[in-house]
Amino acid sequence: MKFKLGISFVTAAGIALMSSVAQSAPDDNSLVIAWGSTGPIEHVDNYVNTNRTGIWFSRMVWDQLIYREPKTFEYKPLLAKSWKALSDTVWRFELRQGVKFHNGEAFDADDVVYTLNWISNPKNGVKVQRNVNWIKEARKVGPFTVDVEMKRPFPQAFEFLSGPITIYPNEYYSKVGPDGMHKAPVGTGPMKVVSIKTAEEYVFEKNKGYTWGSPKGEAQVDKMIVREIADVQTQIAELLAGGIDITADISADHVTQIGGVPGFTALQAGTMRTGYIGFDAAGRGNHEPVTKLKVRQAMAHAIDRKSLVKNLIRGDAGVIHTPCFPTQFGCDVSAAVKYEFDQVKAKKLLAEAGYPNGFDIDFYTFRPADWAESVMGDLAKVGIKAKLTKMPYFALRDKQRKEGTTPMFLMDWGSYSMNDMSAITSHFFKKGPDDFALDDDVAKWLEAGDTNSDASVRKANYAKAIKKITGQVYWLPMFNHVRNYGYRKELKFIPYQDEIPRFWQYGWK
Amino acid sequence: MVAYTLKRVVVAFLILLVVSGLTFSLSHLSADPALTIAGEQASDEDIEAVRKLYGFDRPVIEQYVNWLSRALQGDFGKSYHYKAPVVDMISGRIGTTMTLGFLAIAFALVVSIPLGTLAAMRPNSLIDRFALLVAVFGQALPTFWFALMMIIVFGVWFRWLPISGNTSWAHFVMPTIALGYYATPALMRLTRAGMIEVLSSDYIRTAKAKGLLPISVLFKHALRNAIIPVVALAAVWFGFMLGGSIVIETIFNLKGIGWLSYDALLRSDLPVVQAIVLIFASFYVILTLLADLLNAYLDPRISVR
Chain A
1 MKFKLGISFV TAAGIALMSS VAQSAPDDNS LVIAWGSTGP IEHVDNYVNT NRTGIWFSRM
61 VWDQLIYREP KTFEYKPLLA KSWKALSDTV WRFELRQGVK FHNGEAFDAD DVVYTLNWIS
121 NPKNGVKVQR NVNWIKEARK VGPFTVDVEM KRPFPQAFEF LSGPITIYPN EYYSKVGPDG
181 MHKAPVGTGP MKVVSIKTAE EYVFEKNKGY TWGSPKGEAQ VDKMIVREIA DVQTQIAELL
241 AGGIDITADI SADHVTQIGG VPGFTALQAG TMRTGYIGFD AAGRGNHEPV TKLKVRQAMA
301 HAIDRKSLVK NLIRGDAGVI HTPCFPTQFG CDVSAAVKYE FDQVKAKKLL AEAGYPNGFD
361 IDFYTFRPAD WAESVMGDLA KVGIKAKLTK MPYFALRDKQ RKEGTTPMFL MDWGSYSMND
421 MSAITSHFFK KGPDDFALDD DVAKWLEAGD TNSDASVRKA NYAKAIKKIT GQVYWLPMFN
481 HVRNYGYRKE LKFIPYQDEI PRFWQYGWK
Chain B
1 MVAYTLKRVV VAFLILLVVS GLTFSLSHLS ADPALTIAGE QASDEDIEAV RKLYGFDRPV
61 IEQYVNWLSR ALQGDFGKSY HYKAPVVDMI SGRIGTTMTL GFLAIAFALV VSIPLGTLAA
121 MRPNSLIDRF ALLVAVFGQA LPTFWFALMM IIVFGVWFRW LPISGNTSWA HFVMPTIALG
181 YYATPALMRL TRAGMIEVLS SDYIRTAKAK GLLPISVLFK HALRNAIIPV VALAAVWFGF
241 MLGGSIVIET IFNLKGIGWL SYDALLRSDL PVVQAIVLIF ASFYVILTLL ADLLNAYLDP
301 RISVR
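Note that the protein sequences, when read in sequence, are chains A and B.
For what it's worth, my numbering labels the leading residue of the first sequence as 1, then goes sequentially.
For what it's worth, my numbering labels the leading residue of the second sequence as 1, then goes sequentially.
These are computed hints drawn from the structure, not numbers from a lab.
Glycine included, C-beta positions come from ideal geometry on N, C-alpha and C.
Careful: at least some of the hints might be erroneous.
Stated by the list, open to error - Subject to a maximum C-alpha distance of 30 Å in a straight line, what follows is the list of computed BS3-like cross-link-like pairs (lysine-lysine):
#1 A:Lys81 x A:Lys216
#2 B:Lys83 x A:Lys136
#3 B:Lys78 x A:Lys399
#4 A:Lys430 x B:Lys83
#5 B:Lys78 x A:Lys402
#6 A:Lys223 x B:Lys83
#7 A:Lys136 x B:Lys52
#8 A:Lys123 x B:Lys78
#9 B:Lys208 x A:Lys175
#10 B:Lys83 x A:Lys123
#11 B:Lys220 x A:Lys183
#12 A:Lys402 x B:Lys52
#13 A:Lys183 x B:Lys52
#14 A:Lys206 x B:Lys78
#15 A:Lys197 x B:Lys220
#16 A:Lys431 x B:Lys52
#17 A:Lys399 x B:Lys83
Said to hold, decoys possible - Footprint (simulated), chain B over chain A, 3 or more residues, beta carbon under 8 Å:
#18 38 to 51
#19 187 to 200
#20 238 to 246
What the hints assert, rightly or not - Not close to chain A: a few residues of chain B, all C-beta gaps over 12 Å, as computed:
#21 Thr23
#22 Tyr64
#23 Gly92
#24 Lys255
#25 Thr288
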């Protein structure tokens with residue numbers, strides 16, 4: 001719920017007051033965080049939760065076999081100290097010794113085998129099956145050695161083993177199950193859960209036994225409270241009044257305002273969330289103009305993406321030319337066809353397509369209207385009259401998937417924080433219900449890229465797909481999103497591109 | 001009277017049936033619940049599995065009949081998102097909403113009755129103008145704006161009151177004033193109008209002529225009669241505050257029923273939405289039914305009509 005009117009008053013009030021209020025780090029080395037944008041975690045068991053809020057929770061409490069370094073995306077040992085491929089479909093992991101779960105249970109191969117076999121069994125009802133349904137079986141080879149067999153060559157396996165797949169204590173979980181884990185989560189991670197009040201607050205304390213050299217690092221604070229506060233204005237007021245130490249839900253305008261308050265810092269950090277304008281090139285909704293290549297090319301030339309990024313998105317955002325984020329595996333920027341802002345060329349292309357006076361089109365988004373209005377303004381200059389419909393996210397996705405009556409849409413995708421282009425491009429262009437191109441070649445190349453264990457073969461196929469998607473303007477890639485943060489100046493804060501906050505790394509200067 | 005009562009009960013039941021049917025169908029029309037439950041990162045297979053698991057693949061009418069038959073036995077099912085029984089979720093949060101509603105209506109009455117009485121005693125005086133000003137502000141100020149202003153002054157500037165949460169009595173001060181002030185103008189104007197009418201009536205003139213103390217005339221004779229419609233209106237406002245505190249609960253992060261309904265709507269958590277709508281609709285319908293029956297009892301001509 002947005003109460004935009006109030007914010008300028010809140011920040012103005014804060015500016016007036018805070019100039020005379022000096023703040024310091026808390027004596028008990030605690031940290032209070034506000035969270036609200038993605039809503040409460042419905043069930044903290046990592047395999048039952050489907051909400052993005054659960055991602056930060058899982059990284060605090062549990063560990064994975066592999067650690068993906070969040071700045072370089074390099075894979076490093078975590079609960080597994082080394083690994084090697086035994087075949088196209090089998091990996092052997094040597095596990096770390098001396099690690100203990102929060103309840104004192106020792107970590108060993110039994111925990112890994114139990115977790116992987118439990119989650120890969122469809123009967124156990126893991127909510128996001130795509131995270132686990134590639135695992136065929138995990139086998140114990142020794143007390144600290146495990147073989148993991150995949151159903152087929154699965155080159156993205158390490159993205160999952162370093163992301164959504166966390167290791168559970170076998171003895172505890174087999175006894176308490178998902179509901180028990182929801183009530184009293186037990187992991188090996190840097191923070192231990194003290195209490196959970198669903199939809200209100202999560203209280204953590206430092207895991208003092210997390211000293212075995214994890215690349216995640218030890219927790220920087222002794223106590224942490226994460227409060228669920230849905231309204232952004234309330235979060236800002238709490239920040240200015242000292243009730244919380246950091247918020248990650250503010251808008252670009254708030255960044256400027258909070259950044260001007262003495263004692264506070266605000267920044268806009270770039271993420272891998274990729275914004276795009278999609279066109280119904282396949283004609284699912286029978287809007288004739290967008291089925292023509294020259295029309296889509298004209299629209300690509302007519303939209304001033306640089307100006308939109310500079311004036312509305314701001315921060316670390318930048319124009320993107322690929323239907324994926326450039327750091328993702330296979331996302332070859334050189335393969336993309338780029339479209340410079342050139343409205344003369346756009347008009348010429350429109351005339352060649354048979355629309356010298358433009359046309360009317362319905363334009364859909366769930367994002368802020370000013371972003372879409374900027375695009376509409378550019379299109380209007382070449383004669384295209386776009387009519388905006390702003391819908392809630394899931395309602396729009398539902399309309400697209402079921403009806404397909406969305407000729408043009410401004411959307412974005414976070415790739416589930418995976419640094420592999422299969423997480424975005426393959427999702428939208430392999431002829432599923434979200435595909436508005438329905439291009440056989442693209443689907444074939446993406447499938448080849450998704451399933452081949454040879455990196456060079458993958459890259460070659462993905463490059464072909466990128467070239468055709470951008471050449472045909474099935475999507476006009478727009479920009480990468482930013483996440484806006486406001487926090488106390490004394491806080492050591494590190495933002496990451498994958499949109500996953502590592503709260504345990506935050507500490508006081 | 002018996003026929004009239006039966007007729008009103010049947011009408012009340014039909015209204016609840018229509019409300020539940022409309023809520024159910026509109027909730028299903030707004031978005032595919034399977035997509036919402038499965039989440040942004042779900043594959044098509046995940047969404048299909050959720051659809052089957054929750055029975056969304058069955059005809060809507062069949063889903064509705066199943067839900068209604070369980071609801072009539074007091075079982076509203078489990079929340080799709082929190083996996084908890086809806087009854088437990090509502091009973092765990094209704095205390096916050098009831099507390100806020102009671103405090104807000106009490107605040108509104110404490111402000112509006114004395115102010116309305118004073119304004120009626122001196123019509124067109126300075127105090128009457130002041131009361132009018134309070135009423136105009138109360139009607140004109142958007143609740144969320146007033147709430148934010150209080151947060152700035154008492155939460156951010158002076159730091160006298162906590163801004164969000166519900167862990168102490170102090171957390172209810174600002175929400176109570178913000179919500180209660182919204183009801184104050186109507187109650188105050190009704191008190192004023194009632195008091196002006198009563199104070200000019202013959203029996204008050206008689207009481208004054210008998211030499212009764214002015215305070216006794218005012219409170220014992222005048223206010224007692226003038227306040228009857230105010231109490232009736234306050235009951236209606238109380239119902240409105242229970243059902244309409246979504247904005248206030250969201251701003252002050254009070255996790256009551258208002259917040260729960262907002263959260264459930266965002267997530268298409270249909271069992272929760274349906275239960276809340278049905279419970280509050282029942283609340284209104286029962287209050288209205290009781291009022292109808294009371295009126296019919298007091299004025300038998302109504303039941304004859």
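Status of the hints after comparison with the structure:
no.	hint	in the structure
1	A:Lys81 x A:Lys216	holds (14 Å)
2	B:Lys83 x A:Lys136	holds (29 Å)
3	B:Lys78 x A:Lys399	holds (26 Å)
4	A:Lys430 x B:Lys83	violated (33 Å)
5	B:Lys78 x A:Lys402	holds (27 Å)
6	A:Lys223 x B:Lys83	holds (29 Å)
7	A:Lys136 x B:Lys52	holds (24 Å)
8	A:Lys123 x B:Lys78	holds (20 Å)
9	B:Lys208 x A:Lys175	violated (80 Å)
10	B:Lys83 x A:Lys123	holds (18 Å)
11	B:Lys220 x A:Lys183	violated (57 Å)
12	A:Lys402 x B:Lys52	holds (17 Å)
13	A:Lys183 x B:Lys52	holds (27 Å)
14	A:Lys206 x B:Lys78	violated (34 Å)
15	A:Lys197 x B:Lys220	violated (50 Å)
16	A:Lys431 x B:Lys52	holds (22 Å)
17	A:Lys399 x B:Lys83	holds (27 Å)
18	38 to 51	holds (count 7)
19	187 to 200	holds (count 3)
20	238 to 246	holds (count 5)
21	Thr23	holds (17 Å)
22	Tyr64	holds (19 Å)
23	Gly92	violated (10 Å)
24	Lys255	violated (6 Å)
25	Thr288	holds (29 Å)
In this structure, the hints that do not hold are numbers 4, 9, 11, 14, 15, 23, 24, in rising order.
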